[in-house]
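Engineer: Dock chain B against the given chain A, drawing on the hints supplied.
Read top to bottom, the protein sequences are chains A and B. Oh and the first sequence: position 269 is 269 in my numbering, straight run, nothing missing. Oh and the second sequence: position 122 is 122 in my numbering, straight run, nothing missing.
No wet-lab data here; the hints were simulated from the structure. Check before you lean on any hint, since a few could be wrong.
Below, simulated SDA-like cross-link-like pairs (lysine to any residue); rule was C-alpha separation at most 20 Å, straight line [unchecked claim]:
(1) A:Lys405 - B:Asn83
(2) A:Lys243 - B:Glu32
(3) A:Lys270 - A:Ala338
(4) B:Lys147 - A:Ala354
(5) A:Lys243 - B:Ser50
(6) A:Lys405 - B:Gly86
(7) A:Lys405 - B:Tyr207
As the structure is a computational prediction, the values presented were derived from the model and not from experiment.
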Amino acid sequence: MPKKPAQNTTTDPTNESASLGVPEGKRTESASKVTRVPSTLDKAGLMERRKAPRIATTPPAPDAPPKFDDYGPIVGEAELSEIRYVAETLRGRSVKMVNSTAVGGGVAEILNRLIPLMNELEVPTKWDVITGGNDFFEVTKGFHNALHGEKYDLTKAIEDIFLSYNEQNRQRMTFDEDVVVIHDPQPANLIKSRGQKKDQKWVWRCHIDLSNPHAGVWEFLRPMVEQYDATIWSSPAFTRQVKVPQYLFYPSIDPLSQKNKPVEESYVAKVCDDFGIDRNRPIITQISRFDRLKDPVGVVQAYKMARKYVDCQLVLAGGGATDDPEGAVVLAEVQEAAGGDPDIIILNLPPWSALEINAIQMASDIVIQKSLREGFGLTVTEALWKSKPVIAGAVGGIPTQVIHKLTGMLVQSVEGCAYQIRYLLTHPEFAAQLGRNGREHVRENFLITSNMKRWLLLYQILLGVAKKEKAA
Amino acid sequence: MVATQSKQSNTLTAKKEFVFNSAAYLLRIGTERARSLKELLEGLRVVPDSSIFQHMFQTLAEHHYIREGFSNDFAHWAFFSCNETGLAERLAGIDVREYTSIKDMRQQIILVIEEYLKKNTASADRQALETFYFCSSDTVVIPTTFKARSLEEFTEGLRRVSLHSIHYHFINARLRIKLNSNDFSQWLEEELGLNDLADKFEAIDIYTSTLDGVRRQMVKLAESESGNARKAA
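In isolation and in its complexed conformation, chain A is listed as follows (with noise of 0.2 Å):
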């Protein structure tokens, strides 16, 4: 039965001031709620520590890793309520994990914070990693930079290197859970195992971007990739188009570790004292390695052009030129291009400062992220979640998370760059504002409570146990 003509409600569509439900009473939070703890240093002080920042020399003790419930008022009761009834809908049902490394990069990081909790609401997880000598990850090291487009040179050789250790892998684990889940290209072809348990399904997980692969290497894993259930990918413009079904997973940060996790005050006050950020004058940011990818001296010059117009300092803070040989010379370049300008800190971090950074970020105006290229880009996601306005190109997943004008700022140019920096500055209304939609859309999209749904929706929708609904 048709309904009647709609009638004007006289509700007010602007007052948002009380929130309801999820996540409750969390969505006034904003860094720049926060009141500021001024320097304790003068300019003087401040000059000096610039010259002689205060790094720490050894990494810190880890945090207790967090429990599911933690993350309740972060995202709300109702949420983990749905996440703990897809859970159960899994309870018998278990999961293994396989990847290349158990320490470092992304993959190990995501996993190390996703498995235990996965446990935790009893969806037994396992994690295996592959071993190798040293000329299996050189060939991987090869694939991996062939499947970013590089040149490289397969040979029958190589392939006979990366299928043997996979063989030798295969014949070391056993495969007897519910769903096997295999993480990029190392461990591809121990879906050689699959069917070692009746139903079982096998996923694989591509954390890279296959945009514009080496075709050879690209040609040799796609008959192993077809053999699985289900791929997955971080951004639809990462894939290739396989024969079997392909699912969109955003990588995530957890809001709850040392990069994430809300700081005191006093601490970003005590961060910024040791590496000389004045906290009285505009902060700009940009996170990242000493990359040319990176863009970091296209920063530079955007932050010289906006500084003829509005008083604003940058910071350029990130590792990776003490251990990579090209690292150094791009921090070479970017030091030569600062020209001694005393309002551009440079500061080479060792691997362990992800408070520091988290404090940095939280103290920042502006974040930037002016890649050229760029996987996902998580230092993007990291800032949107502390409700920083970010400028940043568009490239890679960057324009997944950065919706113009709406959660942040893309540009094209050092010319937009130095141009959104001086409108972001003199319009610190819209700069909260997308400030606040980026946080939300972090919390919504990004982060690992929505990555962890994500991961048991697959397996009902794969094991069979999911009530469908079908699109009308």
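Structural biologist: Chain B only, in chain A's frame:
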């Protein structure tokens, strides 16, 4: 009429309880992609219904916190990647709440683009800044613990369920019940006889408010109904 309705509303008990469900969505990447409006049109003719659903309905849940400038993925792409403002405005004007079937909605989207390209022939093959990837979503229904037989219980449910549940009952419901209505209004009208409240729910503008804002408007309307009933009593 309203006074009579309000007077009763606090004591009404539904024969059939309202069961709050929620839904979760898993995104599938389709094989179709478009680098121009012509290719978008070709894709629109062949993609599965679940793809139209994803880009028209589901995107509202993914971007529920945005109050302006984002109505559906096709309009967004036409604006930001194709720089076709006129087309973007027309596509954005396609209100998901006016459709009870994907088939009709698909036809309307195609019609809008065809008409635009007839008048703007040069736009058909112009390369977009970014490729449009057709995706679709597998929808999984998730029950919640919230149920209601009275207006009070119903209001409490509205306050406490997730925004995914609000989206499921308020926006996606049309495709399920095949009516220009939603699960909430349907229940308020059929089970509690609160026709005015049902209509007010239906008149809430989903495109100028966040989904949390929509929820708050519904709670406020329901509370107002209860308040009027208390006064009338």
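Engineer: State for each hint whether it applies.
Structural biologist: Against the structure, the hints:
Under the criterion of a C-alpha separation no larger than 20 Å, the hint pairing Lys405 (chain A) with Asn83 (chain B) is consistent with the structure, at around 15 Å. Under the criterion of a C-alpha separation no larger than 20 Å, the hint pairing Lys243 (chain A) with Glu32 (chain B) is consistent with the structure, at around 14 Å. Annotation: proposed proximity of Lys270 (chain A) to Ala338 (chain A) is violated, straight-line Cα distance about 25 Å (limit 20 Å). The hinted pair formed by Lys147 (chain B) and Ala354 (chain A) fails the criterion: a straight-line CA distance of about 44 Å is larger than 20 Å.
A distance of roughly 19 Å separates the Cα atoms of Lys243 (chain A) and Ser50 (chain B); the hinted pair therefore holds under the 20 Å criterion. Annotation: proposed proximity of Lys405 (chain A) to Gly86 (chain B) holds, straight-line Cα distance about 19 Å (limit 20 Å). Proposed proximity of Lys405 (chain A) and Tyr207 (chain B) is supported: the alpha carbons are some 17 Å apart, at most 20 Å.
Checked against the numbered hints above, the structure violates hints 3, 4; every other hint is satisfied.
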